[in-house]
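Spelled out, the chains give:
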Amino acid sequence: NAGVTQTPKFQVLKTGQSMTLQCAQDMNHEYMSWYRQDPGMGLRLIHYSVGAGITDQGEVPNGYNVSRSTTEDFPLRLLSAAPSQTSVYFCASSLTTGAGNTIYFGEGSWLTVV
Amino acid sequence: ILNVEQSPQSLHVQEGDSTNFTCSFPSSNFYALHWYRWETAKSPEALFVMTLNGDEKKKGRISATLNTKEGYSYLYIKGSQPEDSATYLCALGNYGQNFVFGPGTRLSVLP
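Which chain is which? The protein sequence lines are A and B, in order. Mapping of the first sequence onto this note's numbering: position 13 corresponds to residue 13, and the numbering continues sequentially without gaps. In short: position in the second sequence from 1, add 114, done, that's this note's numbering.
Think of the hints as simulated: they come from the structure by calculation, not from any bench. Positions of the beta carbon are idealized from the N, C-alpha and C atoms, including for glycine.
Derived Cβ-Cβ restraints for the label pairs, each shown as a range:
| # | chain 1 | residue 1 | chain 2 | residue 2 | range |
| --- | --- | --- | --- | --- | --- |
| 1 | A | 102 | B | 195 | 23 to 33 Å |
| 2 | A | 52 | B | 116 | 21 to 31 Å |
| 3 | B | 153 | A | 7 | 15 to 25 Å |
| 4 | A | 86 | B | 123 | 19 to 29 Å |
| 5 | A | 10 | B | 128 | 31 to 41 Å |
| 6 | B | 225 | A | 54 | 43 to 53 Å |
| 7 | A | 82 | B | 153 | 20 to 30 Å |
Could you build the full structure based on these sequences and the hints that come with them?
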């Protein structure tokens, strides 16, 4: 089972550059999301999607863009990278939006913006 | 925005010791409390999903309890092993809202 696959695992960007973090899941999950993990803080929600064609902002959406053209894929775009976006990014999915559903995570993408 | 707290922030225990840590959350509109185990460079892994006040769940040497009235959950590890070293995250799910994660408890088990 591939589960949730995200790439790249490590990336160094220069300030102002743009890039896309890829995320795919093969479990036919409706709900997908992106989080960032910073030291001393919980996972913070960036954007989420409840199904193909539907996206919405989370707690910290500024500087990021998402799209959900298929059920499987949910890429995260950094529009103009800033040092404040240095973080570990996790893509996640669950069967539906219900709070009782287990969340499945990718392995994380370590991003450094210099 | 809801606030989910975890304590302690980190702890070191000796192999064989039992340990526990806490997740605290606001009890209004509660729906579910999740525990995840995260080893660096790996995917966070689901341990438990609890929904009912008084729930107790167990997975091997790890168990968890839930008190929704007072807004806390305990995670227990019996006879800690070096492979238990990880960050333990709790996440609160409320009606109509996205999950809110705590900052995690980082456990180091020393051989």
